[in-house]
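Spelled out, the chains give:
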Amino acid sequence: DAKTTQPPSMDCAEGRAANLPCNHSTISGNEYVYWYRQIHSQGPQYIIHGLKNNETNEMASLIITEDRKSSTLILPHATLRDTAVYYCIVRDFLNTNAGKSTFGDGTTLTVKP
Amino acid sequence: DVKVTQSSRYLVKRTGEKVFLECVQDMDHENMFWYRQDPGLGLRLIYFSYDVKMKEKGDIPEGYSVSREKKERFSLILESASTNQTSMYLCASSWAGEKLFFGSGTQLSVL
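Residue numbers (the working numbering), protein chains in the order written: chain Y, 1 to 113; chain U, 1 to 111.
Hints listed in this document are in silico derivations from the structure and should not be mistaken for laboratory results.
It is possible that some hints are incorrect.
Derived lysine-lysine pairs resembling PhoX-like cross-links, with alpha carbons at most 25 Å apart [unchecked claim]:
(1) Y/LYS3 <-> U/LYS57
(2) U/LYS70 <-> U/LYS18
(3) Y/LYS3 <-> U/LYS99
(4) U/LYS53 <-> U/LYS71
(5) U/LYS55 <-> Y/LYS3
(6) U/LYS18 <-> U/LYS55
(7) U/LYS53 <-> U/LYS3
(8) U/LYS99 <-> Y/LYS69
Residues from chain U shown here face chain Y by an in silico Cβ test under 7 Å; the list is partial [unchecked claim]:
(9) GLY42
(10) LEU43
(11) LEU90
(12) GLY97
(13) LYS99
(14) PHE102
(15) GLY103
(16) SER104
(17) GLY105
Listed below are several chain Y residues computed to face chain U (Cβ distance under 10 Å; list not exhaustive) [said to hold, decoys possible]:
(18) ASN30
(19) TYR34
(20) GLN38
(21) SER41
(22) GLN42
(23) TYR46
(24) THR102
(25) GLY104
(26) GLY106
Cβ atoms here follow ideal geometry from the backbone N, Cα and C, with glycine treated the same way.
Taking the hints into account, I'd like the entire structure generated from these sequences.
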């Protein structure tokens with residue numbers, strides 16, 4: 001699985017959009033981009049994933065560049081409860097032997113009042 | 001909803017003890033994973049299993065072994081616990097390459 005690069009930390013004002021970038025320049029054709037978040041002392045929680053089209057669900061939006069080498073997770077109206085570590089990983093969706101999913105250090109998002 | 005259940009939330013063991021961390025998932029997932037998480041080091045993969053009795057080493061398998069006798073259960077074994085194995089241990093499962101579901105984690109302290 002390809003590796004990802006994320007900024008170590010970001011701040012966001014409550015009520016504003018939080019835009020979290022991720023670089024995955026070595027992504028291959030079958031690999032999806034997945035985003036998770038981890039609130040302190042809990043297991044990571046799935047947020048959203050995509051292949052090449054932009055995706056939106058009740059939690060967030062995912063924007064993937066046309067060359068698929070980077071993506072941005074958007075939390076449209078951040079709340080204090082969105083303060084967490086956000087991980088971007090890539091996984092080969094078609095590989096039944098899913099293999100390693102390498103998590104980097106993620107981005108610590110702090111939402112401030 | 002998928003449930004991934006880890007047997008203990010907190011565990012305290014002595015150096016040299018044999019330690020078993022248990023993980024059970026209820027969605028018939030093929031793949032199961034064990035990660036450890038330490039401050040500043042993110043999640044690091046210890047072992048994963050893509051079928052019953054099948055296992056593969058992750059990035060940091062030294063000092064650990066695993067067992068998967070039934071599809072729903074994946075155990076992590078510390079044969080002789082050491083203080084440097086004090087960590088948060090996270091179990092996860094997935095169907096093929098789809099999204100991972102994580103348990104709540106086990107905070108293990110080895111004294």
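Comparing the hints with the structure gives:
For the hint pairing Y/LYS3 with U/LYS57, the CA-to-CA distance comes to about 18 Å; that is within 25 Å, so the pair holds. For the suggested pair U/LYS70 and U/LYS18, the alpha carbons sit about 21 Å apart, so the restraint of at most 25 Å is met. For the hint pairing Y/LYS3 with U/LYS99, the CA-to-CA distance comes to about 17 Å; that is within 25 Å, so the pair holds. Simply put, U/LYS53 and U/LYS71 have alpha-carbon atoms about 9 Å apart, close enough for the 25 Å limit, and the pair holds.
For the hint pairing U/LYS55 with Y/LYS3, the CA-to-CA distance comes to about 22 Å; that is within 25 Å, so the pair holds. About 20 Å separates the Cα atoms of U/LYS18 and U/LYS55, which keeps this hinted pair within 25 Å; it holds. A hinted pair counts as satisfied when its Cα atoms are at most 25 Å apart, and U/LYS53 with U/LYS3 qualifies at roughly 21 Å. The hinted pair formed by U/LYS99 and Y/LYS69 meets the criterion: a straight-line CA distance of about 20 Å does not exceed 25 Å.
Of the supplied interface hints, the one on U/GLY42 holds, with its beta-carbon coming within about 4 Å of a beta-carbon of chain Y, less than 7 Å. For U/LEU43, the suggested interface contact is upheld, since its CB lies about 4 Å from the closest CB of chain Y, less than 7 Å. The closest approach between the C-beta of U/LEU90 and any C-beta of chain Y is roughly 5 Å, which is under the 7 Å cut-off, so the hint is satisfied. With 7 Å as the threshold, the beta carbon of U/GLY97 comes within range of chain Y, its nearest partner Cβ sitting at about 4 Å, so the hint holds.
With its C-beta approaching chain Y no nearer than about 5 Å, U/LYS99 sits inside the 7 Å limit, and its interface hint holds. For U/PHE102, the interface hint holds, the least distance from its beta-carbon to any beta-carbon of chain Y being 3 Å, beneath 7 Å. Because the smallest distance between the Cβ of U/GLY103 and any Cβ of chain Y comes to about 5 Å, under 7 Å, the interface hint for this residue holds. Interface restraint check for U/SER104: the shortest CB-CB distance to chain Y comes to about 5 Å, inside 7 Å, so the restraint holds.
Taking 7 Å as the C-beta cut-off, the interface hint given for U/GLY105 holds, the closest approach to chain Y being about 5 Å. The interface hint given for Y/ASN30 holds, since its Cβ lies 8 Å from the closest Cβ of chain U, which is under the 10 Å cut-off. Using the Cβ-Cβ criterion of 10 Å, the hint placing Y/TYR34 at the interface with chain U is satisfied: the shortest such distance is roughly 6 Å. Checking Y/GLN38 against chain U by beta carbon gives a least distance of about 8 Å; that is within 10 Å, so the hint holds.
Because the closest C-beta pair between Y/SER41 and chain U is about 7 Å apart, less than 10 Å, the hint holds. The beta carbon of Y/GLN42 comes within 6 Å of a beta carbon in chain U, closer than 10 Å, and the hint placing it at the interface holds. Given the 10 Å rule on beta carbons, the hint for Y/TYR46 holds: about 5 Å separates it from the nearest Cβ of chain U. Interface hint at Y/THR102: satisfied, since its Cβ lies 7 Å from the closest Cβ of chain U, which is below the 10 Å cut-off.
Because the closest C-beta pair between Y/GLY104 and chain U is about 6 Å apart, less than 10 Å, the hint holds. The interface hint given for Y/GLY106 holds, since its Cβ lies 6 Å from the closest Cβ of chain U, which is under the 10 Å cut-off.
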